[in-house]
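*Asks:* As given, the protein sequences belong to chains A and B, one line each in that order. Our numbering numbers the first residue of the first sequence as 1044 and each following residue consecutively. Our numbering numbers the first residue of the second sequence as 3 and each following residue consecutively.
I should point out that these hints are in silico values taken from the structure, not numbers from a laboratory. Being a predicted model, the structure only gives us computed values, none of them experimental. None of the hints are false.
Simulated crosslink set (DSBU-like; lysine-lysine; CA at most 30 Å straight-line): (1) A:LYS1334 to B:LYS69; (2) B:LYS71 to A:LYS1668; (3) A:LYS1672 to B:LYS71; (4) B:LYS94 to A:LYS1672; (5) A:LYS1334 to A:LYS1672; (6) B:LYS19 to B:LYS69; (7) B:LYS19 to B:LYS60; (8) B:LYS69 to B:LYS34; (9) A:LYS1672 to B:LYS34; (10) B:LYS94 to B:LYS71; (11) A:LYS1668 to B:LYS34; (12) A:LYS1334 to B:LYS71.
Single-letter residue listing:
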Amino acid sequence: MEQGPAGGSAAATTAASAGTGTGTGGLVLPLSESEQQRYSELFSRCCPPPEAAAGGSSVGELFRASQLPPDTLHQITEICGAKRVGYFGPAQFYIALKLIAAAQSGFPVQIESIKNELPLPRFVALKNDSEVRYGTPAELHGVKFQVPHATLEKNSYKRTDEGDKQEPKSPSMSPICSPPASPSTYQRIPLSYGYGKSRSGLEQQHGAPYEVRHSTHQQDGPSSGNYGAKPAAACSTLNRSLSVEREQQDSSTHYSDDPWRITEEQRDYYINQFRSLQPDLNSFISGSVAKNFFTKSKLPIPELSHIWELSDVDCDGALTLPEFCAAFHLVVARKNGYPLPEVLPETLLPEYLQTASLKPIRDCTLFDCYSESLPGGQQTRDFARTEASAEEAPDNSALLQDAKKDDKQALKVRTPVKTIPKEFQHLSVKTAAQESHALKARPRSRSYSSTSIEDAMKKGEEPPTPPPRPQKSHSRASSLDLNKIFQQNTQAVRSGWLPPPPPALPPRPSVSQTEPVSEVELHPQLNRPPSQAEENSSAKKEVVLAQPPSKPARRKLRTETQGLETPEHSPTINVTSSLPAVKPHLPVQKQSSKQKRAIQTAIRKNKEANAVLARLNSELQQQLKEVHKERIALETQLEQLRPVTVL
Amino acid sequence: QNYPLYIRSVPTENELKFHYTVHTSLDVVDEKISALGKALVDQRELYLGLLYPTEDYKVYGYVTNSKVKFVMVVDSSNTALRDNEIRSMFRKLHNSYTDIMCNPFYNPGDRIHSRAFDNMVNSMMMQVC
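With the rest of the complex left out, here is chain B:
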């Protein structure tokens, strides 16, 4: 489980490093979502916030109610990014994801190849960088 449905990075060098970071941060996400316990699973906040900062970058997490996790790694030097912006980005991601789910041709669990989704992610990343 926890295989990536979609992964995209903007600076294409060192891409594997980011992939690795995302993968390791899944542990932190799991930790956070299990922290609340089963009883509160419905009330859990979708936005997990800063998972952990490292020297170079920050990692943010977001989990949907169907346990689909969104992980975002941003450059630490980009101080212009505020928490609200991160939240809105996750919200957009979530909306696009639900749009994809509406597509009857999409089987949940497949990799995402939607062009609309790609465009949205690209535009979001361009906006930030």
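So that you can see chain A by itself, here it is in the shape it has in the complex:
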């Protein structure tokens, strides 16, 4: 695929090795007038007049401003002969500039390539200078949107413009950044460059320098990433996300310009891709499925292998959502020319990703639901909706759904189960029927429970939340349920309210997003008969039951940990029995007693959760052993089937 500098540099690497050593000897370099002018300008910038050679540091700065990868710059330096002669004389400097232009246009870094007509090299605004973007780079291959604008920018003055308004300037600034153009190309993905730029512009709260950097980075990003390439292919989206990622890097002054940080759009995109491979966001993608998917990105197998190694932190041969996001992110980064790290960056760790994704949503949803005091299930539903809407704005839809669901669940669960203790005043008012409805709805609404749960867990409690790994690998309901439990507990602790009932694990995000009514319907179906029965029967009165059963119910939804639920059921049931006592108070009392109950409930829940977790832990251990045995058996078979090779 054509990429801008990134592709160019990759090609340059191989080409450079061939071309190294030609140096500048005997090379007649035709320079156009504009080139002459620009180059001499640059040269004088780097090299104070009296000296004949450009200072190494200023030259280095300038080269870095060209946004080319360091190896390309090294090659350029070698080829232009500066290394041989030891300094950057005018000849070397001009040749280097031409090579930079060539690399930025996607040509291999070779002496031959600079003999052609080339656009002027682009440099990101240099810090010491007031600006500057030099010339407009030639259209980057594959950057469709850029093409129209590529020729626009000849001036570097955009920089200042860019500084303040990313969107308007971007087209001028970088060939890549034409917001109007990019959306068209990136229709598929919100990550389009234009968006990225506008986003960065919007997001930029910082001053001009950041913006400039953003724009420049963005330019480089898109150029390197040949975004236009494949609207439909995953790869293209990868590129796009990468460009977005790049933009994000720059614009993320918030995010400290970290290329390894996943932006919201990227996360959204990754989650969509995950969903296309595995509809259940709480479950994981098997190795073979992931292999086929990532092989489409056309990266070499050893690199893919390394990416897998980095992202599959629990080494279980499957990718959960955070792992998948990390892997996808690495692929995108690699495609854009970033060298693969040896260790997984902190921002790509599954725990981090889960926390990050869940945090914003949970917070807003929780507070939303808690603050409101709508009576009955209606409220919960409303809350859920409002939460959803509120959340959608800031976060990924996925996350929103999650939060929404959680909230809904929390509300609903509260009313039926917790009855009194629930902090949701509105909940308490609701009738049992509503509550039970709510309860059911909640489990459904939960979409990306795993992430949210884990996040919640992280936020709150350590013991319940074993490192995300076990949870991830066991997306089975068990881990998620537990997470939810903890999440609730955490929230309760935080807000003093009862922790929202564990959000329903239901892996159907769509369900959650639909009307609560539909959710309710689904819930009955989804919820396990036993739990449902319990809930229904006790329903109004057995608020308690609702809670614990909801937890195990969630598990069942997971499909995997059916067995786990049963054991958990019993403990929860025990707990629930104690809860009914609380119920009578609920209808009568309001906030004051509710809070007390909430705390009591929270404590109880925590204990339940602990027991459940312990049990889950042992069960998982056993499963792990079995899986290990299976793996070893498979290895044996594989060995036997392996064709005979001669040493």
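Once you have looked at the hints, place chain B on chain A.
*Replies:* Chain B alone, transformed into the frame defined by chain A:
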């Protein structure tokens, strides 16, 4: 068969000698694993222990259930290495190997290029030397 999937030595001089030793010790490994007969193949111990000592070094062997053999040659003068340590080293190797197998991009039978595996082996060797 019996081609090396991964080979690494720390003192880089005389490396070929170690390679040769490893290769010849494969015979001993085969001998040990066939000694138990087919019926007991499941119960066979993975750790084979000291294969044979020579004047300069000791050779330890370990076989996985999928007939992947790990052979370790250590200097005889290194008396600090106990059997338990050797066992734990083999266990770590085995764990890393299974991690590699989890990688869908790894075809069993390929040479191992995993960086994580390299790092683990290097750290282990540094620890001993």
